[in-house]
Structures are given as C-alpha cells and as structure tokens.
Amino acid sequence: MSLEIKNLKVYYQTLRGQVKALDDISFKINDGDILGLAGESGCGKSTFSNSLILLKAPMKYIGGEVFLDGKKLPVENYEKMKEKRYKDISIIPQYALNAMNPTVKIGKYIHDVFAYKNFSYKGVDNELKRRLKIVGLDEGILNMYPIELSGGMKQRMVMVIATLMNPSLLIADEITSALDVSTQKAVSKMLVEFRDKKFVKSIIFVTHDVSVLYQIADKILIMYAGKFAEIGPAEKIIHNPRHVYTKLLVKAMPEVGIKFSDTPLTGIPGHPPLLIDPPEGCRFIDRCPEKMKECVKEPPVIKVGEDHYVACWKEVKKNA
Amino acid sequence: MLEATNLTKEFKVGSFGRGVFKAVNKASFKIDNKDIVSLIGESGSGKTTIGRMILKLTQISGGQIKYNGKDVSDIKNKNLKEYYRKVQGVFQDPFSTFNPIFKADRIFKMVKNEFYPALSNKEWEKKLDDSLKSVGLNPKEVLNKYPHQLSGGQLQRFLIARALLIDVELLIADEIISMLDASTRIDVLNLLAMLKEKGLSVLFITHDLSLGYYISNKAIILYRGVIVEMGPTDKVFFNPVHSYTQSLLDSVPRLDMKWDEIPKRKKTYTDIVSYIPGMSKRELKMTEIEENHFVAIE
Amino acid sequence: MGKYFRRKIIIYLITFFVAVTIDWLIPRFMPGDPINALVGRLSNYPQATQVAYSNLQRAFGLNIPLWDQYLNFWKSLFQGDLGISITIFPKPVFEIIAEALPYDLLLMVPAILASYFFGNKFGAFAAKKKKLDNWVLPIWYMLTATPYLWLAILLAWAFGVVLNIFPIAGAYSFSLTPSFSFDFVFDLLKHWVLPFLSLFIVQLGGWAIGMRNMIIYELDADYSKYLETMGVPEKLIRKYAYKNASLPQITGLAVQLGIIITGAITTEIVFSYPGLGHILNKAILQEDFFLIQGCFLFIIIMVLVANFIIDIVYVLRDPRVRHSIGGEM
Amino acid sequence: MKVKNEKEISNTKEILYFTFKNKKMIIGMCLFLFFLLLGVFGPYLTQYGPMDYAGPGYHPPSSEYWLGTTFFGQDVFSQLVHGLRSSFGVGLLGGTIATLIGLSVGFFAGYKGGVVDEILMMVTNVMMVIPTIALMIVFAAYLPYRGVTIQAVIIGCTAWPWTARAVRSQTFSLKQRNFVSLARITGVKTIKIISGEIAPNMLSYVFMVYILQFGGSILAAVTLDFIGLGPTMGISLGLMLENAVLWNAIQLGMWWWIIPPGLAITLIVGGLYFMNTGLDEIFNPKLREM
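Residue numbers (my numbering), protein chains in the order written: chain A, 1 to 320; chain B, 1 to 298; chain C, 1 to 329; chain D, 1 to 290.
These are calculated hints, taken from the structure and not from any lab test. No residue lacks a Cβ here, since even glycine has one placed at the ideal position from N, Cα and C. One or more hints might be untrue.
[To be verified] In silico lysine to aspartate or glutamate, EDC-like type, Cα no more than 20 Å apart, as pairs:
hint	chain 1	residue 1	chain 2	residue 2
1	A	56	C	234
2	C	129	A	31
3	A	87	A	148
4	B	196	B	32
5	A	87	C	95
6	A	56	C	23
7	C	235	A	112
8	A	82	C	234
9	A	236	B	3
10	A	82	C	81
11	C	235	A	31
12	B	12	D	117
13	A	197	B	32
14	B	112	B	169
15	A	189	B	256
16	B	198	A	112
17	C	243	A	112
18	D	112	B	74
[Said to hold, decoys possible] Covered by chain B, per the in silico footprint, the following chain A stretches (three or more residues, Cβ under 8 Å):
hint	stretch
19	58 to 69
20	86 to 94
21	246 to 252
22	262 to 268
Isolated chain A, as found in the complex:
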C-alpha cells in the first residue's frame, strides 16, 4: 500500500504549554487513492499535512510512525527528510499564490531548484512543457515573473512544479477555499487528472468543504479537535455516516434545494475544546447530543464496514 500512518502524535510548543494538535492518528491509503481530509478549523488537519513533510518548531514530534511505499519515512528527522521532500512527498501549500520567488523568472526558478537539489535536468524540460499543455498553460510562462500571472494560472503553475518529480504522495492543503466556484471545479478536476495520468501515486486533499471532497475523493477522513473521528468511502461518509459528529456536520451543510422555510437545518451548538488541556476521553463530549457515561473514556476504533472505521462509543454499543 502507498501510505500507512501509525499512532502519529505531533504537539505545538507554546509559552502557555503544549497544544495537543495531533493526537494519535492511524490510517492507510492504497495506491491511486485520493483521501479527503476534512474537519473544522483547529481540528489539526493542516498540522497533519505539514508534519508529514516539514516537521519543525513550533511543531514537536511526540510519537508514531509513517510508512511510504513500505519504507519508513523519518518525519521526525529534519535533515534525513531533506532528500525525501519533493522527490517522494510533495505539497501544494495553502499559500500557493505566493509560493514562488517573485523576483526570479519561473523557468530559472525551477532550474535553480533542480540544480541545488542536484537532480539531473535532462528530459525534465520537455516533460515540463508537456504538463504545461495539460493544465492549459502556454510554454512562454517559463520566462515570465510570478507577478505577471493571474491567481488561477499561479495555482496551476505550482501544481505542475510540485508534481514534476512524480512524487508518490501529494498533499493539497486547502487549495480551493480561496477560489471562486468555477475555478474551484477546474482545479479539483485537474487534481484527479494528475492522479489518473500517474503524475502522483496518491493524494491527500485537505479542506473544510466536505461537498468538494464528495466530488473528487475516494475515501474521506473526518477529524475533530486533533483526534480521528471516522474514515470510510466517500459515498458512505456522506450518505451513511456513523460518527455522531459526522452526522451533524453533513446535516449542517446547506444545499441548493434546501430552504429555511421548508426544512430548517441545525448547527452544532458550542465550539471545539481548547487543545491546551482537552477533555478526557472523547473530545466531542461537550457538544455531543447522544453522549453516554462511557464517553469519558477513550473511544476505541472499530470497523463498521469495508474500509469504514469509526471511533465512537455509540457504534461500539450498537455492534456489541
């Protein structure tokens, strides 16, 4: 399988103590999968994606292992990860629109990156031109400055650069939230095309917008307050969720066709706990309408279907 995470724990070191941003996450992705990673702000999804590729202060590695294509990925070792970065694992960052050096021509920028990482540039040129055509960018873009491009063009350019070495894992961190509806659809479809054309083996698509995930993700992982809530095929997570939080989250998504006057939706009262000292046991306990006495203990992860796991006491009770 392409990527396996085992009990990964990453905390933030702050003046006021340790923020338990990522607490014991485990899951697997197969080759060619697009995993959607969703959750509200502060649930740890960005911490997760950054810790896989660039784990440095203020993030602190606590424990857990990561295997990519069967080989162990030394995420905790900043130096050893250097030659893995960009070759095996690459990221399209949240700040993609100003990820390129503004005062250097794009072609030279790519050339510099390859030269300094002493990768051979042979054959990369025509591959680069081929991929530019696929994403609808003209070759001339290579001797333009990033400032001369539109938002959409910059986004696509960074996508091409990030996947130029055919990394086995690509992380796309909130790349559609700043875009308009039309460009959002184009960029999401392009990501799927990159997977189909084998530019990348598998993709983790991080976003808070569950409806975009439904469109392009094969599997969806829902996180809440730094913890694993539920993972499963996109179809199941949206239409037959098992974790209480996922149910409420999907029910709170307005859709074209749902009107306040006929079917008013309900939000989730309260707000996520502060991760400086999170509640014991299930972290959704303060906001969960169906909480039980067991919920003060850590909910175990149980299998509820093909590739479908959930960490909720209610489900444990139902199966017992």
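Starting from the known structure of chain A, fit chains B, C and D onto it as the hints suggest.
Same frame as chain A, now just chains B, C and D:
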C-alpha cells in the same frame, strides 16, 4: 423600501487616472419590506461595492438610491444619521470589525452615545440584554470581554444585536458567515431568517450559492458589475436562463450528485442571447421572461 | 516605463524649484535687514566694499519689484553666476565650489558604495547565527548612534596623534603640487584614509541593521517556506532572501543620502578636508551669504542627481516594480 | 508556565511580560536614564559654571577637576552636564515638534485620501529629498540670535517627513479595517474616528517614532553646533566638540576634552535606538524569534 436605479461605481485607473474601471455598471433592483434578497457574485463582481454604496461608505458615481421614496444618494450628517437609524450593516471578518485594543461591547456604547444619549442606564441595560438574548447570546457570558476572547460566531451575533438595538429596518449582511465554521454558520443564518418574520429585511451578500438559496426569497446574480439575472429565488435557481447563472449552478459542488452526473441543460429560450459584460457590444436590456424573473439580454 | 520616469523627473524639478525658492526667500524674509548686516560686516574689508555694492544691486536690488528680483536670481543662476565670495575675495562662488566638488565625490562615493556592500554582507551573515547576532547587533546600533564628527575626532586622535600613522589635515601635504605622479597620489590616499574610514564605519552599522531585519522578514516569507518544504539546501534559500532583501535597501540609499552628506560636511571640518563641508563651515563663520547659498544649491543638486540614479537602478533591479510601472503605461 | 485558559491573558499583560524580559529595552532605558539624571543633578555637583575659568588650562582629569579643564581652563565636567541639559532640551522639543507635525500630516493624508493625500505627500516627498542639514543651514545662518529653543524648532520643522510618510501608510491600512467602517455607519464624526479608533491602535508605533525623532534631534543639534550654527550663548555638547577641534585639542592630545561629550551623545542616542528595537521586538514577534 429600498430602490436602486442604474447604480454605477467607477474607479480611475492608470497613471493620471485617464482609464476608467466600472466596478458596478447600471445596477437596478428593489428590496421590499420583510424581503431577504441574496446578492450572489464571485470575487470582483462588485457585490461588496454595492453594499458599501448603500451604507454610504463609498461615493456613488452614477444612478440613484431611494429609501422609502426619499432620494438618499448624497445625504449628509443629520439626515445621514436618520438614514443609519433605518439601515445598518454587518461585515465579513468579525476580528477586523472589532477594534482589538478595546472590549468587544464598546460597539454598544458607541450606539448609545450616537443614537440614545438621553436614555437612562437602567433602561439601556434592559434594551441591551433583550437584544443579546434575541440573538441567542447570554449577556453575563459575553459582556466585557476582549474580541480575541470570543469566537467568530459570537462576534457576528454581537453585530446583529447592535443592529437590533437601533431597531433597524434593513440589514446589509456582507459575507457575514464565510469566516465561520460549517457547524456555527447555520445558526447565524437561521437567526437572520427568524428576524425576517419580525419585520427585518436583509440584503444577503455572498459568493456561496447554497447559502444564498437557503435563506433568501429573492436572488440577484451579479457578473463583472452587471446584474445578469434577478427574480424569486426558486425561479432563478431552478429555471436559470442566463448562461453565466447556468454555469455557476452547474459547478457548485453538491452532496447528492457528482459533477459529471449533472444533466445537460436544454435551452428553454432558444432566441435569447445573454448579455456578457465586457464582450457584448450592444446596450443590455433587462427583460421580464416570466412573472418578475428578469434576465439581461443583448 | 517612460511615464514613470517622466513623473519622477517632474517631482525632482519641482523639488529643485522649491529648494531654490527657499534659498532665495530666506534672506529676504528673515528678521532684521540682511543688507545692513552685510554692509556692516564688509566694512572691515575696505577693498570689498565697491564689489559689495554691485553684488547687492544685482542680487538683492530691493528697489525693483519682487517678481523681477526673483527672475534676475534665476537668470544669474543659469549663467552660473552665484555672486562673488566675500571671504575668498574676489573669487566667484561657482569657482570655489567647483574646485571643492571633486574632493567631496572622492570622499563620499567610495564611502557610500563600500559601506553599502560590506554592510549588507555583514547584516546577512549576522542573521544566520543567533549568538553572533546577539553581540554584533548592539555594536551596530552604537555605531549608527555615533555622530560622524565624533568618530572622525577619535580616529584623528588615535591614528593621527597617538600612533601617528596617518596625516589628519588637508587633502595632500602642502609641499606637493597636484599632479598624477606616484608620490602625490600616494600622499593623497594617505590623507584620504581617515576621513573615508569615519564615514564608512558609521554607515556600515546602518546598512547591517537594515539588512538583518529585512533578511529575517524575507526568510519568513511564503516563498522561502515553500523552498524549505521542497527540501532545497539552505544556500539557495539564503541566496534568494539576500537578493530580495537588498532591493528595498536601494531605496534606503536614497533616504540615507541626506544623512551621509551631513556626515561628510562634519568629517571634512575635523580633517579640514577641502570639500564643500569645509568651505561651508568657513562661509558660516565669516557669514559669507553668497557662498552659503552656493553650497546649499550644490548639496541639493548632488542629492537630486543621486536620487534619480538610485530610482533608475531600483527599476532595473526589481522586476516587481518594473511590472507595476509597465502596467501603468 | 501553565496557564488555566489560553484566552485569559489579555494582550496588555503579555506585552508587559515581554517588556521587562527584553534585554535591549532594559539596556536602552538604563543608558537613557543615567544621562538624564546626570544632566538634571550634575550641575549641583560642581561649583563651577560651564563658562567660568575654573583653573589652569590644559589640565588632565584629577580629583579637583573630574574631567580635567579645557584649553582656557574651563571645567569640562561642568560643561558636559550643562551641555547635556541643552541636548535633552533640543531632543525633547525638536522631537515633539517633528512627531506632532509628522503625525498630523500622516493622519490627515492617510485618512482623507484623494487630492488632500496627493498634495500632502508631494510636500512630504519634496521635503524628504532636500537634506535636512541644508534646510537647517539656510534657516539658521540668517538668524541674528540663536538659542536652543529656536534650534529645536528648526530641527523639528525639518525632520518630520519620514514620520509623516510612515504614519500615513499605517493610517491607510487601519482605515481599511472594518471597525472604522462600523464607526462611520454609527454616525461618528471623522475627528472622533481618528482620535478614538485609529490613534489608540498606533500608540506603540507613535512611541517608537518619538524615540527615533528624539535621538535624531540630538544628533542634528550636535551637527548644527559643530558647523558653527549652535546657540550663540550657553554651552552644548556640539559646541564643546567644536571648540575642542577649533583649539587643536586633537593635536594637543587633550583626550579628556574630546571623548566625554561625544561618548555621552553616542550612549544617549544608542540607548534610544536600543529601546526602539526592544519595542519593535515586543510588538512584532517575528523579530523576537531571532
């Protein structure tokens, strides 16, 4: 209640300001009592500019705004204050709407000094408590706190409570929930819908079509500063005529259907050529293709 | 592109026009009557009195209307006639200044360029290591706080008097006449070292601090972060950060010009180096108004020309600016 | 340091916490206060006036004359402490004038925008290109009588441009913030918005600007005195240095005459710069990490 005719906003561009950029181009629309009108457009469509023009935060370059029949296009001080008793606004980013170095409830003191200087403190205390409760906030929990000690949702409700304090008739809500998480944004929307029953009308400015559909009874689709389609929400969303509205509706990510499963739209009105701002040469004509459902046609 | 420079030139012309007007206005509207003050002072130079009358008629000519005075002033300005100096009688002001200018440039231009180059290199280097930064930075702050003239005095005293390595007065020994012979040039350089050092060292601190802060800012920018996530070696990240950090420093050069000239003037007084500063000091002490006005104008011209050159260099070096101007065509 | 709830600390407590932890801030304050006290109480420690002939000239420091005597026999220590008073005076007055002009121009241009902004910025740019020294020379040269106050006024009126430009860009960015729009739709008057909403946000920035102007005025005054445009009566650190150079203190090796005034200026202005960087680190954490 509020009627805008040929509302235009031009910005000077280029050195020495010879070039002109039309952010809003001859937009005409009406907002009646107890209406929630959603003004939908992508970034750069001029929707925020329209909101700011109604709130008199930017100059109007052309056209006219009438409120309850009275022309308010360029009113000043005293009658501007009267206008603000009737029309108020809520902005997008809650953390930039509160001055970070003061306590959050300072906005209520400002309202008291400007609109109710004569009111005694006790009466004001009561009026403040009622409006906070009516937006679902518990006064003891939220008062005299710094903005960074409150959540985005609570701060937005503060702003709505502030408008209720002035018992306002029209609220301009400019992308008020785009900074909030999915779970908390629904409650703020429901709050707006409930206030509609009590007589408050709202201009709901957003780029998110499903939010626009959820609470509004009238919808306006804006593209590059021009209103391309306008009418009752169900008609605009389920019988879109303008090509831009159709493409917008087709690219909205839905939870019930994948993008490629969406059926092709059959042309309902074959003889219509939609007016594309910037591309179409001739003057646009807003024609009524069905009962008060208007489309911009060449 | 042309539009940008046209606008810049207009601004500089206006500045020059305003400066000259200030220069013309002040003697006329200052408290007390400048003419009496002038005549009074001239009385102790008997042979200068007739010249004073002719100058005063043309320069001030209070009897003709203000507007004509103003035009006369401009007319004489463009003929290079800035009036006759009283202290170095009868030499015209223009000549005195023209002789002094080369020494000024010989002193200031190398000091500016050298301090800019080394200052930025030190600043970038210090931003690398935390412990280096902790004790080097305070030194730089002290340096920029040092008045130029005091450092000049210290250098003169330490190297000139105590160690007696360098001469501390004049641009060259009196015995030699200016020529391109080896020993004259060597002597010229010996005199040049201390004034150059005092300008160079104080400036160095300023650039180092500016670069240190700018580099920290650039290393924190998104494009540096992305290079790091691509596992690119430190060298490239620093190379880009240094280039982008040195661009705003160029505009810093324009702002620093006024301060550098102040420094040069005081340093020249300490070393009695025959530049504009030395002349200006003497002109002030003798209250030779025409010479003061002349020095004032030349300082303005030097600053305007330097600013214009810096604008051009900045546009050529920074594509972002070039693009934003290009957009304005 | 365990804290009950992350949101409890309000930002003022946090700023105070960092202020007293910041080394640069403490060093800067100590230097500044030391010379301030020396300037205020110094004159009471010596029985000689700054210009009195206290004893034999050319006399190195001794128990009698702590910092020795000048070429003419004036007490250097007495000149130093009186000179400090005039330097602080110029710094205070000149710094205040420059900051006030800079603030009002910056606020007004930044908030009003449009034509007003363009005119004010044109004036600022013109004033910025003309080196302050040239302006000072022209103004001072024609004044029959020059005192510390007039000198401070001249310095103040010529040193404000960079403050105006910095304050303008700050005001411009704050104006875009929504809390200004909120105040406008509550019908609050422009002046009240500037003073009530924008200015308080810039207090830290204004204080840092004032520190730089204070130090800048002192340096400018020293330069003016040195080239001969100093106060015609009384003593100042710049005048001390000018006399020292004029009467060949360097050639005669009278280090006790030339080092103390210059060192005092450098440490005062250096202390101010330290405080400025300290404040900068406190208010913008990016620099703090270094």
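We went through each hint and held it up to the structure:
For the suggested pair residue 56 of chain A and residue 234 of chain C, the alpha carbons sit about 15 Å apart, so the restraint of at most 20 Å is met. Taken as a hint, the residue 129 of chain C and residue 31 of chain A pair is broken in the structure, with Cα atoms around 43 Å apart against an allowance of 20 Å. At most 20 Å may separate the alpha-carbon atoms for a hinted pair to count; residue 87 of chain A and residue 148 of chain A exceed this at roughly 28 Å. Between residue 196 of chain B and residue 32 of chain B, the direct Cα distance comes to roughly 12 Å. Compliance with the 20 Å bound is thereby established for this hinted pair.
Between residue 87 of chain A and residue 95 of chain C the alpha-carbon distance is near 69 Å, which puts this suggested pair outside the 20 Å criterion. Distance hint between residue 56 of chain A and residue 23 of chain C is unfulfilled; the C-alpha atoms sit about 60 Å from each other, more than 20 Å. Proximity of residue 235 of chain C to residue 112 of chain A is assessed by CA-CA distance (about 11 Å); at most 20 Å being required, the pair is judged to hold. Restraint check for residue 82 of chain A and residue 234 of chain C: satisfied, since their Cα atoms lie roughly 11 Å apart, inside the 20 Å limit.
Proximity of residue 236 of chain A to residue 3 of chain B is assessed by CA-CA distance (about 48 Å); at most 20 Å being required, the pair is judged violated. For a cut-off of 20 Å, the pair hint linking residue 82 of chain A to residue 81 of chain C is broken: about 69 Å separates their Cα positions. Note on residue 235 of chain C and residue 31 of chain A: the hinted pairing is violated, with a Cα-Cα distance of about 35 Å set against a maximum of 20 Å. About 16 Å separates the Cα atoms of residue 12 of chain B and residue 117 of chain D, which keeps this hinted pair within 20 Å; it holds.
Only pairs whose Cα atoms come within 20 Å are accepted, and residue 197 of chain A paired with residue 32 of chain B is rejected, the gap being roughly 53 Å. Under the criterion of a C-alpha separation no larger than 20 Å, the hint pairing residue 112 of chain B with residue 169 of chain B is consistent with the structure, at around 18 Å. With a CA separation close to 18 Å, the supplied pair residue 189 of chain A and residue 256 of chain B stays within the 20 Å bound. Restraint check: the Cα-Cα separation between residue 198 of chain B and residue 112 of chain A comes to about 64 Å, which exceeds 20 Å; the hinted pair is violated.
Taken as a hint, the residue 243 of chain C and residue 112 of chain A pair is honoured in the structure, with Cα atoms around 14 Å apart against an allowance of 20 Å. The straight-line distance between the Cα atoms of residue 112 of chain D and residue 74 of chain B is roughly 18 Å, inside the 20 Å bound, and the hint therefore holds. Figure legend: the stretch 58 to 69 of chain A, annotated as covered by chain B; annotation inconsistent (0 residues with Cβ-Cβ distances under 8 Å, at least 3 required). A count of 0 residues in the stretch 86 to 94 of chain A with a Cβ less than 8 Å from any Cβ of chain B is obtained; the coverage claim is therefore unmet, three being the minimum.
Under the rule that three or more residues need a Cβ within less than 8 Å of chain B, the assignment of the stretch 246 to 252 of chain A holds, with 4 such residues. For the stretch 262 to 268 of chain A, the stated coverage by chain B holds: 5 residues have a C-beta nearer than 8 Å to a C-beta of that chain, and at least 3 were required.
Figure legend: structure checked against the earlier numbered hints; hints not met, in rising order: 2, 3, 5, 6, 9, 10, 11, 13, 16, 19, 20.
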